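Asks: Sequence:
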Amino acid sequence: MRKYRILITNDDGINSPALKIMGNKLSIFGEIYIIVPERERSGGSHAITLHKPLRINEINWSLEKVKVWSTNGNPADCVLLGLYAILAQKPDLVISGINRGYNLGNDIIYSGTVSGAREASLNGIPAIAISVYQDGKEEDFEKATDLLISLFDKFLKIIPEGTFLNINIPPNAKITDICLTYQGKFHYRNIVEKRLDPRNKEYFWLHGYVEENGEEGSDIWAIKNGKISITPLQSDMTNYSLLNALKSYDLL
Numbered sequence: 296m297r298k299y300r301i302l303i304t305n306d307d308g309i310n311s312p313a314l315k316i317m318g319n320k321l322s323i324f325g326e327i328y329i330i331v332p333e334r335e336r337s338g339g340s341h342a343i344t345l346h347k348p349l350r351i352n353e354i355n356w357s358l359e360k361v362k363v364w365s366t367n368g369n370p371a372d373c374v375l376l377g378l379y380a381i382l383a384q385k386p387d388l389v390i391s392g393i394n395r396g397y398n399l400g401n402d403i404i405y406s407g408t409v410s411g412a413r414e415a416s417l418n419g420i421p422a423i424a425i426s427v428y429q430d431g432k433e434e435d436f437e438k439a440t441d442l443l444i445s446l447f448d449k450f451l452k453i454i455p456e457g458t459f460l461n462i463n464i465p466p467n468a469k470i471t472d473i474c475l476t477y478q479g480k481f482h483y484r485n486i487v488e489k490r491l492d493p494r495n496k497e498y499f500w501l502h503g504y505v506e507e508n509g510e511e512g513s514d515i516w517a518i519k520n521g522k523i524s525i526t527p528l529q530s531d532m533t534n535y536s537l538l539n540a541l542k543s544y545d546l547l
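Quick note: to get this note's numbering, add 295 to the position in the sequence shown (first position is 1).
Keep in mind the hints are simulated off the structure, nothing from the lab. These figures come from a predicted structure and were not determined experimentally. Check the hints yourself; a few may be wrong.
To be verified - Below, computed lysine to any residue pairings styled on SDA-like, alpha-carbon distance capped at 25 Å:
| # | residue 1 | residue 2 |
| --- | --- | --- |
| 1 | K315 | D448 |
| 2 | K385 | N355 |
| 3 | K362 | N401 |
To be verified - Pairwise CB distance ranges, derived in the manner of DEER restraints:
| # | residue 1 | residue 2 | range |
| --- | --- | --- | --- |
| 4 | N539 | P312 | 13 to 23 Å |
| 5 | H482 | D430 | 32 to 42 Å |
| 6 | E506 | S530 | 23 to 33 Å |
| 7 | I486 | A540 | 35 to 45 Å |
| 8 | N418 | K347 | 45 to 55 Å |
The beta-carbon is built from N, C-alpha and C at its ideal position, and this holds for glycine as well.
Modelling step: build the complete structure from the supplied sequences, incorporating the hints.
Replies: What follows is the structure in structure tokens.
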């Protein structure tokens with residue numbers, strides 16, 4: 296069997312219990328490189344670090360064929376460090392996750408997990424973002440890794456350049472319970488709550504709740520129905536229908 300190089304990143308940080316499970320199981324495919332933030336970076340979107348030095352710390356986990364680093368950067372930084380500073384050769388696949396907490400609908404805009412996969416795709420590397428539910432446990436990480444293993448060869452064949460896959464796995468789904476989905480829409484009631492700290496200074500707490508969920512065929516719908524959602528995503532955000540309509544107007 297051909298040996299591969301796999302780069303793993305996440306936005307949950309070096310203490311994510313998913314990392315050792317992934318490193319151990321995925322090493323059957325070849326060399327595993329794990330480059331992750333030193334602490335949690337959830338909700339950081341596609342931020343890259345331009346205003347301070349990036350530092351890396353190599354960590355010895357004593358796992359055969361697995362090399363591990365943490366950094367003060369974000370998930371997108373981790374991918375760039377891997378591609379252009381740490382790995383001698385580019386990886387065959389980048390996996391971002393396994394994240395605790397779904398990345399569905401509009402939430403993918405804010406997701407550091409999704410951004411790790413997106414950064415890889417922007418650099419021509421096939422990539423996957425993968426998430427389980429918020430209270431995911433060891434068995435959920437095991438199942439998610441088993442899904443990656445079962446579809447590994449197919450993923451490498453079908454992911455075109457500039458595209459990455461966003462996978463979400465509910466707790467009771469079997470790895471064969473798969474829906475191919477589109478990105479749904481969350482409708483949030485956003486709340487910005489003003490509070491006072493013990494020194495009587497104002498601060499604000501952002502939160503809210505979902506008013507509606509996705510339509511049939513969306514990633515949100517699949518999770519609500521206990522199915523694994525696999526959504527192909529791309530970075531091109533152009534509204535082509537509007538672009539074509541605008542060409543019919545004399546705007547210039």
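Asks: Indicate, hint by hint, whether the structure satisfies it.
Replies: Evaluated hints:
no. : hint                     : in the structure
1   : K315 to D448             : holds (22 Å)
2   : K385 to N355             : holds (22 Å)
3   : K362 to N401             : violated (34 Å)
4   : N539 to P312: 13 to 23 Å : violated (48 Å)
5   : H482 to D430: 32 to 42 Å : violated (24 Å)
6   : E506 to S530: 23 to 33 Å : holds (28 Å)
7   : I486 to A540: 35 to 45 Å : holds (36 Å)
8   : N418 to K347: 45 to 55 Å : violated (22 Å)
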